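2 protein chains.
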Amino acid sequence: MSNSLIIENAIVITLTEKGILDPGYVLVEGDVITNIREEPFDDELKSKVNRVIDAKRNYLLPGFINTHTHAGMSLFRSYADDMALMDWLENKIWPAEANLSDESVYWGSLLSIVEMIRTGTTSFADMYFYMDSVAKAVKETGIRASLSRGMIGFKGEESLYEAKEFISTWNNEADGRITCMLAPHAPYTCPTSFLEKSIEISEELKVPIHIHVSETEGETSDSIKEYGKSPVIYLNDIGVFDRPTLAAHCVHLDDNDLEVLSKKKVSVSHNIGSNLKLGSGIAPIDKMLEKDVNVSLGTDGPSSNNNLDLLEEARTASLIQKGFHKNPTLLEAETVLKMATSEGAKSLKLNKLGKISPGYKADLILVDKNSPDMYPKHNPIANIIYSCNSQNISTVIVDGKVLMKDKEFLHLDLEKIYHEANKHAKEIINA
Amino acid sequence: MSNSLIIENAIVITLTEKGILDPGYVLVEGDVITNIREEPFDDELKSKVNRVIDAKRNYLLPGFINTHTHAGMSLFRSYADDMALMDWLENKIWPAEANLSDESVYWGSLLSIVEMIRTGTTSFADMYFYMDSVAKAVKETGIRASLSRGMIGFKGEESLYEAKEFISTWNNEADGRITCMLAPHAPYTCPTSFLEKSIEISEELKVPIHIHVSETEGETSDSIKEYGKSPVIYLNDIGVFDRPTLAAHCVHLDDNDLEVLSKKKVSVSHNIGSNLKLGSGIAPIDKMLEKDVNVSLGTDGPSSNNNLDLLEEARTASLIQKGFHKNPTLLEAETVLKMATSEGAKSLKLNKLGKISPGYKADLILVDKNSPDMYPKHNPIANIIYSCNSQNISTVIVDGKVLMKDKEFLHLDLEKIYHEANKHAKEIINA
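Chains A and B are the protein sequences, given in the same order.
Using the UniProt record's numbering, read the first sequence as starting at 1 and increasing by one per residue.
Using the UniProt record's numbering, read the second sequence as starting at 1 and increasing by one per residue.
One thing to keep in mind: the hints can contain errors.
[Unchecked claim] Now the in silico label distances, taken between C-beta atoms and shown as ranges:
hint: 1; chain 1: A; residue 1: K18; chain 2: B; residue 2: P95; range: 24 to 34 Å
hint: 2; chain 1: B; residue 1: N327; chain 2: A; residue 2: N327; range: 17 to 27 Å
hint: 3; chain 1: A; residue 1: N50; chain 2: B; residue 2: L410; range: 57 to 67 Å
hint: 4; chain 1: A; residue 1: K405; chain 2: B; residue 2: G156; range: 36 to 46 Å
hint: 5; chain 1: B; residue 1: L410; chain 2: A; residue 2: V52; range: 26 to 36 Å
[As the list claims (entries may be wrong)] Below, a list of computed lysine-lysine pairs in the DSS-like style, where the Cα atoms sit at most 27 Å apart:
hint: 6; chain 1: A; residue 1: K326; chain 2: B; residue 2: K92
hint: 7; chain 1: A; residue 1: K405; chain 2: B; residue 2: K197
hint: 8; chain 1: B; residue 1: K377; chain 2: A; residue 2: K416
hint: 9; chain 1: B; residue 1: K377; chain 2: A; residue 2: K377
hint: 10; chain 1: B; residue 1: K416; chain 2: A; residue 2: K56
hint: 11; chain 1: B; residue 1: K377; chain 2: A; residue 2: K136
hint: 12; chain 1: A; residue 1: K287; chain 2: A; residue 2: K338
hint: 13; chain 1: B; residue 1: K92; chain 2: A; residue 2: K407
hint: 14; chain 1: A; residue 1: K423; chain 2: B; residue 2: K377
The hints are simulated quantities; they were obtained by calculation from the structure and are not laboratory data.
Remember, it's a predicted structure, so these values are computed and weren't measured experimentally.
Positions of the beta carbon are idealized from the N, C-alpha and C atoms, including for glycine.
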């Protein structure tokens, strides 16, 4: 059996109706989970597979899915913090971004991918420039990603052609690990005609749309001034939400907006770390869940977060809704774990991802349960979400391939990635 | 030179006017830092000290100070989550606490101390029952602590005698690592006469007061109903704040309350993780800092947090103020780092603690800077606060003694502590 794998003795958190298997036994063939059960596999099968992982110190979970980031921005991590948004963008980030290149975005993306794998993320949705470099980094590292060229429509239509070319080159490449979306950056950076063309191309190329929506108060009030309606209503009225859409942020929403997101089955990427750090506000996740909106988690770029740690986002997302609404029953542990996994798969419009079940992609993580914050053993999901942190993640498998085992990367030269990313980051900022 | 230590080649974050030494060299003799400089020590001195730690992969910081917890409550971690406060207390925590014993609190406290050392905490302020067990655990593990017997005044005055005896037994014990406070639990659990006696005893025994203040809205409105004034004004009027006081929580405060905390130099332990998770609300830390109130960080008990990770508290404290007040310039990275260290020392009323400077206690931590979230190297303090997590902490020194080196505990039997704590936790809950 080529490229096959058994994971045995883990406590398996399936996120399906099977619940938790304690212990469970999982068979992976190729890139797919083919069997999951409560009885050990027999020795004959074990002798035939390529690898048997004894995971008795671990929980086994679906890998985390980060549904909104700008991986190349790791180059600007901790370069500028504690600043007002426009001061930060105009005086720090935009001038630095003007110095980016294919090469620097490649190393920045590699650094981000290493961090994501280290912290248990097996898929991410990226929107940035120099996307061929990002795709190359995804292909080489073995992670899964939904990639899109971020298009600032007010700069002209060239980016639309670039995006089309990017999609035709990379969609479903790297054994299908790379999929694409079309990403008009935001309603306030793209004219209506540009958004309408984006809708057409998205339909023609059969890719979803990835867009920033209602991140700040100012953006929302500007939209009302200019169009007489909120960004959500405006985007819906011009037809964007007739396409499958991943909407990042969605912080400032009224009841009509919520109704539209629900009715049009728009996926929301909740970016709580970035929203807090940039002072953007707190998204009404409680109300979105009441209306059955698909809510997943994103980190946003690592220069506004300042990391790519999805487990931290999950914990923070839960705590913020409880604390802000003074209601500790909101966003319970299992809810945010699903937001980080199975709901993330829905946001990426990928089927058969984000759960541990036969036929699902073998994107899996092991979480070490032998640290002080993991005792006592009253409730595994609460321990994972509320107590431990991402460095408990010990092993990461994507598409059936082991990328990190017992906290060691099997294929990547980390020292070189750290060195090159640091060098490019310094050069860009000093240019 | 007996019990002496050199730490060389680290980037030293002193939190003094010396700023950051890159690299720096630190000499520890006995329990005290005796020299800190930018030049290496000579070989003669290096040959005389007991140990030389080459820390070139690390940042060196003062250890974290957790100014409010109930360590024994690790036994109830993840036992009951996502519940309304009174439901959680009345139906889960209080019945379980009734089954506690000297032995179970001992093992629960050991588990918590292991977690605190692992996550870089070198001192903590504890308020609980069976405090002899906590003191024994502190003495054996080598951590520093300010301990107090939590007294529910409405249950009678016996706890006052117990507290007096505890203080006379343990204050300044364990080479001075243990100090004590007197802890009437809260204004709503202690009658006025009990609080007045507490003031007297605190004066007589020369120990500070540790008390819960204005944690919930209900507590504050009840105080206004009963005494015609807020908990802060009430406590001040009866004289509590004439004693050095550590006030935990302080979530619901008006301007008069803030004025009193500032004028009376009351130390505030900000417990943001617990306040969010229990839905208690968000403390006005921005206003406290404007008024120069001494604000430090606490985790509260691990069953309402659900961990003892002070670095996570620091990050969350900063992000929440920024996000809640929509102002990203609030609580910058260095401010919350000081809240976790030097401001914590002030809250514990301990001099010469919480900075790296000659004459200060040698409570020090090394933070590994060779992980993906620590690159690029634009700003060490932002990387530590906003990006990495507590598992980057590699080495922990308390009172000049190395307790954890390169993530390995040197003196403690972790497997036994995990096993015993888990066993006692299950027994208590099933009793």
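Quick rundown of the hints versus the structure:
1. K18/A with P95/B: 24 to 34 Å: Distance hint for K18/A, P95/B holds at roughly 32 Å.
2. N327/B with N327/A: 17 to 27 Å: holds (25 Å)
3. N50/A with L410/B: 57 to 67 Å: Since the Cβ atoms of N50/A and L410/B sit about 39 Å apart, the hinted range of 57 to 67 Å is violated.
4. K405/A with G156/B: 36 to 46 Å: violated (58 Å)
5. L410/B with V52/A: 26 to 36 Å: holds (34 Å)
6. K326/A with K92/B: Distance ~20 Å between K326/A and K92/B Cα, so the pair holds.
7. K405/A with K197/B: Measuring from Cα to Cα gives roughly 59 Å; hence the hint is violated.
8. K377/B with K416/A: holds (15 Å)
9. K377/B with K377/A: At roughly 38 Å apart (the allowed maximum being 27 Å), K377/A and K377/B break the hint.
10. K416/B with K56/A: holds (18 Å)
11. K377/B with K136/A: holds (25 Å)
12. K287/A with K338/A: This hinted pair holds, its Cα atoms lying about 17 Å apart.
13. K92/B with K407/A: violated (37 Å)
14. K423/A with K377/B: holds (9 Å)
Checked against the numbered hints given earlier, the structure breaks hints 3, 4, 7, 9, 13 and satisfies all the rest.
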